[in-house]
Amino acid sequence: MVNVGIIGCGGIMRGCHIPILAKMSNVKLIAFCDVEIDRAKESAQMYKANAYADYREMLLREKLDAVFIAVPPYAHGFEVEVVEKGVHVFVEKPVALDLNTARRVEKAIQRSGVVNSVGYMWRYLDTTDKALEVLMESGPVVLVEGHYVDPFWLPLGHWWLSKSKGGGQVVEQATHVFDLARFLTGDVERVYAEFDYSLIGKYAPGSDVEDCSITVLKFKSGAIGVITATCISRNTYNFTDLKILAEKTVLEHGGHRGFLRVYRHNSIEEHRPRVDPYALEDEIFIEAVKKGDTSKIRSTYSDAVKTLEITLAANESSRAHKPVEL
Amino acid sequence: MVLGVGVVGCGGQGLAHIERFLKDGRVRLLAVCDIDEAKAKETAKRFNVEYYTSYEKFLEHPNLDIVSIATPNYMHASQTVAALNAGKYVLCEKPMALTVEDCDRMIEASEKSSRLLAVGFQLRFKDVFQKTRSLIRELDEPMNAYVLRLSPNPYDLNLEWRRGKSLTGGLILSMNCHEIDMMRWLLGEIEYVKADLKTMLYGNVIDYEDNAWLVLGFKRGLTATLGSSMTAHTSIYEYTLICRNGTIKLHPWENKISVFQEHTSKTIATDKDDPLQKEISCFIDSVEEGRLKQPLASGVDGRATTAVIKAARESSEKGGLAVKPRGGFKS
Ligand SMILES: NC(=O)c1ccc[n+]([C@@H]2O[C@H](COP(=O)([O-])OP(=O)(O)OC[C@H]3O[C@@H](n4cnc5c(N)ncnc54)[C@H](O)[C@@H]3O)[C@@H](O)[C@H]2O)c1
Ligand SMILES: NC(=O)c1ccc[n+]([C@@H]2O[C@H](COP(=O)([O-])OP(=O)(O)OC[C@H]3O[C@@H](n4cnc5c(N)ncnc54)[C@H](O)[C@@H]3O)[C@@H](O)[C@H]2O)c1
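Protein chains in written order, with my numbering: chain A, 23 to 348; chain B, 158 to 488.
With the rest of the complex left out, here is chain B (with noise of 0.2 Å):
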């Protein structure tokens, strides 16, 4: 039988979904949402699939066995939460919710109905990403880790839903949740956080920070530092991982790993991926296989990284005191 896909959310990421999940051919897209009817139907005549703009309605069609959850962060909470109860498996775009609460409610969900649910941090299915993750075991223990992620305005804030906090979750939930989660996938989990978050250019569009400061405590016992900006006039993307045997250098975009060591260092050249497609395909295997598979994010670990934010929001509140991301933590 082959599985029925339904897509909600027919933006950027919407789209790309789409074409991943038609380009590993395993299952068939039946129907498109989206709440702006132009959108939605153009998407459906285009890939031939019915249409919704009532995701109710949607979540009755017959034959969707999986839901993709592409719709802007504040609605990713209620909409997987009716997909798990309509008994789809779903895959949530990231980040998997604004609260803590909404990600409780949401695993909670998933148990009850025994359906899977997946969280999008697609980098973990990036190459460079895979490559570092051996190479830091190869190294021995990570002892200090940067991760800088600068760039210029990466939002369209033209989309009313990017400018609001309530709507985003702001800059380091709805851009740097990738770089938490990437620093847990290599690192571990994280103990405390100490933020400082700052509007220093967009304060008359936007209502979050546009510049963040991270340090995170692991509890395998190193720190590590996260920059992030969305003023900067260049785009720079590195991490820096400091083992007992080695220095790793990445820069994700440019697919390039460096590894320093005292009389030598070694760039390699990873693989130029699709990453998404790599994500789309395992969450396919994890359906047909009735559980997930790595490295695919679950909905603790989509949690993990919410709780993680929210404490370095309380943190840069308290002037910067350690915070632990406890929040609504089950486990």
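Bound-form chain A, shown alone (with noise of 0.2 Å):
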């Protein structure tokens, strides 16, 4: 059994991590923990355990073998503590909102040496080990174009609509673009961006994150890319992808809606998944808990550490209005 500590009992957990970790057979839930007391003391009540307001004193009373964390992003940082008392750690992306913060994490990490797995769950699609499968006889990626296109939704005040608390569209959102950009095609070595504002205020006065941006990708392969994201478009026009042009096929992920189309010559053949990715990566997690085999890990906090990188670059780049050299 592993015993499953909750920091952070948000949207994400309530509506996705906590119910699959509470089917899960092999996990007992034992404690949850938020700021916000009420929203910890609901779900404890749920599963019959306890409620926390500060995460130090759950760490000091519970046996944990494990927390899942799910804060705004510019909360993170406290994970150091977390894995220096030798508990594992799953955490949600983005890992943090500056390259110091995420680095003090990720050498904690190092030193403790707990199981560690950040949640980019488009890698654990199975329609992206399609993906990679296909990748592997299509000769060398060219082009690499992506997208994260979403209509304006969220209530005025959100920590999403201020840059120092959620980083932005491109740190915390179209993140998902980056990292399967990487995933699939390998590391970026430069990276020049352009980002829109003018905009948002329309939709949240004060809001200073971008509204639109496009940022151009570099990879080490080779490759050239584009990743666009907006987070005004209309209801009738969202989505996200991600589009690879290899030498023999053009690749079209889904990205949350999880297909992937592969297109040659004379045929398109599409594969849906038949996988939950958000099930899959807490299993996977937990299994490495378990058994201390971390191999089946798609995403790890460093791994993470690098999509941040490239999504930070891209908003100096953006204000320097030139390249960043990673």
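None of these hints come from the bench; they were simulated from the model. One or more of the hints may lead you astray.
Unchecked claim - Simulated restraints, written as ranges between beta carbons of each label pair:
(1) His420(B) with Leu221(A): 37 to 45 Å
(2) Gln451(B) with Lys45(A): 56 to 64 Å
(3) Ser392(B) with Thr258(A): 20 to 28 Å
(4) Met158(A) with Arg290(B): 30 to 38 Å
(5) Glu347(A) with Ser291(B): 49 to 57 Å
(6) Lys413(B) with Arg133(A): 40 to 48 Å
(7) Thr258(A) with Ala426(B): 23 to 31 Å
(8) Gly161(A) with Val159(B): 49 to 57 Å
(9) Glu395(B) with Leu176(A): 34 to 42 Å
Said to hold, decoys possible - As a list, the in silico DSSO-like pairs of lysine-lysine whose alpha-carbon atoms are at most 27 Å apart:
(10) Lys270(A) with Lys202(B)
(11) Lys270(A) with Lys413(B)
(12) Lys270(A) with Lys288(B)
(13) Lys265(A) with Lys406(B)
(14) Lys423(B) with Lys152(A)
(15) Lys423(B) with Lys265(A)
(16) Lys423(B) with Lys270(A)
(17) Lys406(B) with Lys152(A)
(18) Lys413(B) with Lys265(A)
By construction, the Cβ of each residue, glycine as well, lies at the ideal position given by its N, Cα and C atoms.
Now that you have both chains on their own, put them together as the hints suggest.
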């Protein structure tokens, strides 16, 4: 049995990880923590566990094997204290809002040797496996094009609408697309971005997050790419994707939609997912905690830091109006 | 000896036939016939052949082996019978004829003269349908099929013969004989038909249906639906075939087939081909070999389709009761 604690009982935890973990026979949810104590209590009551407002107290009082962390991006950094206690960590993306914090946590994880995983769930789709398989026989990748197109839907005052709290759309949301691009085509060496802020104020007065962005990527492999994001699209025009043009095939990954399309000269193949990637990332993390074998974890903390680095570089480039070398 | 060809009907489809016979190259176009002298003359001049306005005289041409019939639908039967009786091999445009009895006469004439008779169901030659036919076998027993053919008025109603049911056979014969033949070719024999035929928009111009709903019961057990309209504002032509191990969707005009299975789907681009060319070349092959070659539609096929459509009319008149397409069925 793996004793699990939850830090941050907000949307993604309650809507996704908690119900998944609750269904797993080898997991016991023993403690819930949220600075908004009522949220922690609500879940704690449901699962007959303890509630905490402060993670320190939870770490002190509970015998935890692992914690799942899903707090707003600005709240990260305390993971150092968690892993120093030898507690394994699953952290939702993005891992932080600056590289110093992320590197501090990364080092602490390395020192402690705990099992670690970050919630880039698209990596766990079987259609992503298929993409890797097809890419093996596709020749070199030349062009990568990705999208994170969302309508505006957040309530005013939400942390997401402040760059110092959420990091902005590229760091917080489009990070999934950047991460999948890295997973499928390798590391990035140069980033150039242009961000637009002209309309966000009409949706959320005072907000300083980018409403549209394009980020050009130069991959170490030589491939070039562009990722387009917006948070002010229409309800009728919203999607995520990543398209990869290789010498012999064109791949279209549907992002949240989960599908993979493989375009060849006279055929298009569409594969639809057979797995729930959220459930799979949680199960694989728990398995790794139990067995100490981390080989099935697709997104380690260190790997996620590299994705953060690109999205932060995009912000830097957009401010400097210059490419940024990584 | 080079086969001599004559084409009757110098309208759109007649010219299309002429072009394909010439492109095939194995035959010689010798004569054309049209009651409209100007048209006949112009066509003859263009292709440097003889022309006739009298079909009887045309058939007396000494060197005609093949006669291609591309006249209005109501002329198919009498002209085909006359050509066969005169010892010609006949390629007759679809629909074969307006009545089952006419079809019987045509088949009989072909048997008596031992000259081949083929009906111009050219869609059978389209790669997209040929691939579909083999896909149905791969995906195992078809369970359900939907065919939709919706278009803005596809006919030039200025042509007088297009306006009368007694001349065209109506929308479901003139147009949807293609779909009925295709469904028979893909799914087998049709045992009963239920239909609803309505004139929604063009009542002041035509005396036949402009919208149609057909339910077709097949011998192998499945039931299929055919929807047809000539009052739409866009063109939709698609087949959906639900088989045991996959669902096929094809868009003939886009030459695309999609196969859906539980977790995958695949879209195949098929050839942008010229099915009429393939049909005419196959007909020439058939004449040379002395037997109808697959997948040419025979007189029996043509009759079956006309019989299904006749049954559909009867069903619609009876308020949608199931009607067996028996008509003058022989065999
Ligand atoms: N992988 C995905 O698909 C996905 C989807 C949604 C959210 N997320 C990520 O999960 C994280 C949380 O997002 P959310 O939508 O659940 O946000 P949320 O605001 O709904 O929930 C965050 C919760 O954390 C609590 N919190 C804040 N600081 C805390 C602290 N120091 N200790 C304990 N609790 C604290 C808040 O009170 C809140 O209840 C974000 O990083 C987001 O990017 C990932
Ligand atoms: N297979 C296909 O996809 C396809 C496509 C178009 C037409 N067709 C068929 O081809 C036939 C002709 O159609 P069309 O579009 O060319 O029509 P059309 O009206 O353009 O041509 C018919 C021609 O036949 C002539 N004609 C009429 N009565 C005649 C007679 N008694 N003797 C000699 N000539 C006569 C007319 O003057 C006219 O030139 C129809 O049966 C139609 O169903 C088949």
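**Asked** Any hints this thing doesn't respect? Which numbers, in order?
**Response** 6, 10
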